[in-house]
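Participant: Chain by chain, the residues:
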Amino acid sequence: MDNATTNELAVQLADVNKWYGEFHVLKDINLDVTPGERIVICGPSGSGKSTMIRCINRLEEHQKGKIIVNGIELTEDLKRIDEVRREVGMCFQHFNLFPHLTVLENCTLAPIWVRKMPKKEADEIAMHYLERVKIPEQADKFPGQLSGGQQQRVAIARSLCMSPKIMLFDEPTSALDPEMIKEVLDVMVELAEEGMTMLCVTHEMGFAKLVANRVIFMDAGQIVEENEPHEFFDNPQNDRTKLFLSQILNH
Amino acid sequence: MKNFTLLPDMPAPIVARGIVGWFRKNLFSTPWNSVLSVIVIYVLYSLLVPVLDWAIFSAVFTGADKSACEGTDGACWAFIGNRLDIFIYGSYPAEEYWRLKICFALLLLSFGPQFFDKFPYKMPVGVFSLTAFPVICYFLISGGSFGLVDVEPERWGGMALTLMLAYVGIVAALPIGVVLALGRRSEMPVIRTFCIGFIEMWRGVPLISVLFMSSVMLPLFLPDGMNFDKLLRALIGITMFQSAYMAEVIRGGLQAIPRGQYEAAKALGLSYWKSMGLIILPQALKLVIPGIVNTFIALFKDTTLVLIIGLLDILATVQAAITDPAWGAVGTEGYVFAAACFWVFCFSMSRYSQHLEQKLHRGHKR
Numbered sequence: 103m104d105n106a107t108t109n110e111l112a113v114q115l116a117d118v119n120k121w122y123g124e125f126h127v128l129k130d131i132n133l134d135v136t137p138g139e140r141i142v143i144c145g146p147s148g149s150g151k152s153t154m155i156r157c158i159n160r161l162e163e164h165q166k167g168k169i170i171v172n173g174i175e176l177t178e179d180l181k182r183i184d185e186v187r188r189e190v191g192m193c194f195q196h197f198n199l200f201p202h203l204t205v206l207e208n209c210t211l212a213p214i215w216v217r218k219m220p221k222k223e224a225d226e227i228a229m230h231y232l233e234r235v236k237i238p239e240q241a242d243k244f245p246g247q248l249s250g251g252q253q254q255r256v257a258i259a260r261s262l263c264m265s266p267k268i269m270l271f272d273e274p275t276s277a278l279d280p281e282m283i284k285e286v287l288d289v290m291v292e293l294a295e296e297g298m299t300m301l302c303v304t305h306e307m308g309f310a311k312l313v314a315n316r317v318i319f320m321d322a323g324q325i326v327e328e329n330e331p332h333e334f335f336d337n338p339q340n341d342r343t344k345l346f347l348s349q350i351l352n353h
Numbered sequence: 302m303k304n305f306t307l308l309p310d311m312p313a314p315i316v317a318r319g320i321v322g323w324f325r326k327n328l329f330s331t332p333w334n335s336v337l338s339v340i341v342i343y344v345l346y347s348l349l350v351p352v353l354d355w356a357i358f359s360a361v362f363t364g365a366d367k368s369a370c371e372g373t374d375g376a377c378w379a380f381i382g383n384r385l386d387i388f389i390y391g392s393y394p395a396e397e398y399w400r401l402k403i404c405f406a407l408l409l410l411s412f413g414p415q416f417f418d419k420f421p422y423k424m425p426v427g428v429f430s431l432t433a434f435p436v437i438c439y440f441l442i443s444g445g446s447f448g449l450v451d452v453e454p455e456r457w458g459g460m461a462l463t464l465m466l467a468y469v470g471i472v473a474a475l476p477i478g479v480v481l482a483l484g485r486r487s488e489m490p491v492i493r494t495f496c497i498g499f500i501e502m503w504r505g506v507p508l509i510s511v512l513f514m515s516s517v518m519l520p521l522f523l524p525d526g527m528n529f530d531k532l533l534r535a536l537i538g539i540t541m542f543q544s545a546y547m548a549e550v551i552r553g554g555l556q557a558i559p560r561g562q563y564e565a566a567k568a569l570g571l572s573y574w575k576s577m578g579l580i581i582l583p584q585a586l587k588l589v590i591p592g593i594v595n596t597f598i599a600l601f602k603d604t605t606l607v608l609i610i611g612l613l614d615i616l617a618t619v620q621a622a623i624t625d626p627a628w629g630a631v632g633t634e635g636y637v638f639a640a641a642c643f644w645v646f647c648f649s650m651s652r653y654s655q656h657l658e659q660k661l662h663r664g665h666k667r
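Going down the list, the sequences are from chains A and B. Following this note's numbering, the numbering of the first sequence begins with 103 at its first residue and continues without gaps. Following this note's numbering, the numbering of the second sequence begins with 302 at its first residue and continues without gaps.
Bear in mind the hints are in silico, worked out from the structure with no lab data behind them. Take these hints with a grain of salt, some might be off.
Claimed, not checked - Derived pair list, reagent style EDC-like, types lysine to aspartate or glutamate, alpha-carbon separation capped at 20 Å:
#: 1; chain 1: A; residue 1: 243; chain 2: B; residue 2: 658
#: 2; chain 1: B; residue 1: 567; chain 2: A; residue 2: 189
#: 3; chain 1: A; residue 1: 168; chain 2: A; residue 2: 110
#: 4; chain 1: B; residue 1: 567; chain 2: A; residue 2: 178
#: 5; chain 1: B; residue 1: 575; chain 2: A; residue 2: 336
#: 6; chain 1: B; residue 1: 567; chain 2: A; residue 2: 207
#: 7; chain 1: B; residue 1: 567; chain 2: A; residue 2: 185
#: 8; chain 1: A; residue 1: 311; chain 2: A; residue 2: 285
#: 9; chain 1: B; residue 1: 575; chain 2: A; residue 2: 184
#: 10; chain 1: A; residue 1: 236; chain 2: A; residue 2: 279
#: 11; chain 1: B; residue 1: 575; chain 2: A; residue 2: 279
#: 12; chain 1: B; residue 1: 587; chain 2: A; residue 2: 207
#: 13; chain 1: B; residue 1: 567; chain 2: A; residue 2: 184
Extracted from the complex, chain A is given alone in its bound form (with noise of 0.2 Å):
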């Protein structure tokens, strides 16, 4: 905890480089998340969004630049790496649950071996997060029985097992079927009004007019702008924002 202004902030990310290679994805990025904001980042694909989103939970190293999560800063050192891991909860497009162990055990996993909690209250806390995104019934069964959307409200809840400050979300309702986006979108809709501060990388475009403060369009590793949903949607500044929004919403 360096200052207070560090503290305050529950992700900064100052003129954030990234290379892959030769290729330039991130440019200079900077933003700022205060606790308890719900971003929400669109962007054509390639526009480097997941790239961004993953840096936070050091899942992409950065290249040049500095991000600071829940006042830690990141750098090679594995230890604070873990540190920040365990507080941020993530959500990825093809649920990544880890298919030999029931519903129950992929809830109760991290708290145990992580957080060295007792079998019992993990085992507590998984139910009552299960019960939350409404699948108790199923804490049994092995991920390969459950329907994609029940997948990936497992995974949330895997994520909020951890009690997590902050949520990041992969376009998680990407591979979904159309009827089970709605299941999951209904979780995360609930989670943004408890005030869990939420990165969501999606084009659920209604998802972000509801529970969005902010709402980040990124295009060629940059961010061409933001602003809040309404102004976002009804006024966009940037010819690239508008060329964007015609394609995704006039449909």
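Here the structure of chain A is known, so what remains is to put chain B in place on it, guided by the hints.
Facilitator: Same frame as chain A, but now just chain B:
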């Protein structure tokens, strides 16, 4: 209006049922099939009858020397019965056989229960068979402590030696293979290079030359007076050799695990070793059970090569016994017996692996 009435179930016509139906369907469905079936049945008959006659009907099962087997065309199993002790215990002193018997019994008790799903103490028994069991056996067999007579390793042999080599090889090669496989995928260049070098070196030489080197060349490089046991050197050679193979089998499994699994484990804050131990390896090892057991079986059979450095495993004791003039020409019987012994162990390993695959499969069932 017509009423719908259920027709009673009728038995199927005789041609489709029972043995007759099976024969018609599988062996005589077309004229060409019938001809083939008749030929195959004839060939099988003409092969099986003499084999069974040799192995069972004309065979001699008891007797003390070759006079018992004179005047018959059948197998002289009396020879096997007469030499069974040597085949099993090697030249271990007969009055100390009970020590090996205890080891065999422990082996059976510690691995037998793993075949039964309902057995409640699998975990402790499994841990016992991997930790305490080899230690107990070592002290029992070698003696020299706890008031037991010292039996030097030169006298260990037969089936006992084969099992010893195979057991230590299997139990040590798997964890070393896991570490090597992880090391080969490590992001640290020093570790990666070392593991690649190790694996490629051991895979690139024949086991025979490894054994030769361990028994003949290694002592030349060691300082005088430092001369550790030949059996131990062979064991190390076999273990290193097989762990290189094992590492590649396991690496195949590691590569089959999607990147998302690694990322999910990382994102939850699991450390490298925890995510490997809890997430990646359980899935990867399960995927490559057939390959692992394949390597185990190869290892088990490769132990016979130790006879070239003068260790007398079961095959070597059989080979020595068939040259005994007291028994005449009993080579076939001896080799059939040795082959049968190997087959029993290899087949049990194969069955156990299938059992394990089935048991662990449920996690992925859709």
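Participant: Determine for every hint whether it applies to the structure shown.
Facilitator: A quick look at each hint next to the structure:
1. A/243 / B/658: Given that 20 Å is the threshold and the Cα spacing comes to 19 Å, the pair holds.
2. B/567 / A/189: holds, 12 Å
3. A/168 / A/110: holds, 16 Å
4. B/567 / A/178: Between residue 567 of chain B and residue 178 of chain A the Cα gap is close to 15 Å, so the pair holds against 20 Å.
5. B/575 / A/336: violated, 48 Å
6. B/567 / A/207: The hint holds at about 17 Å.
7. B/567 / A/185: holds, 11 Å
8. A/311 / A/285: holds, 17 Å
9. B/575 / A/184: holds, 12 Å
10. A/236 / A/279: holds, 18 Å
11. B/575 / A/279: Given pair residue 575 of chain B, residue 279 of chain A is violated - Cα atoms ~34 Å apart, limit 20 Å.
12. B/587 / A/207: holds, 18 Å
13. B/567 / A/184: holds, 8 Å
Checked against the numbered hints listed earlier, the structure breaks hints 5 and 11; every other hint is satisfied.
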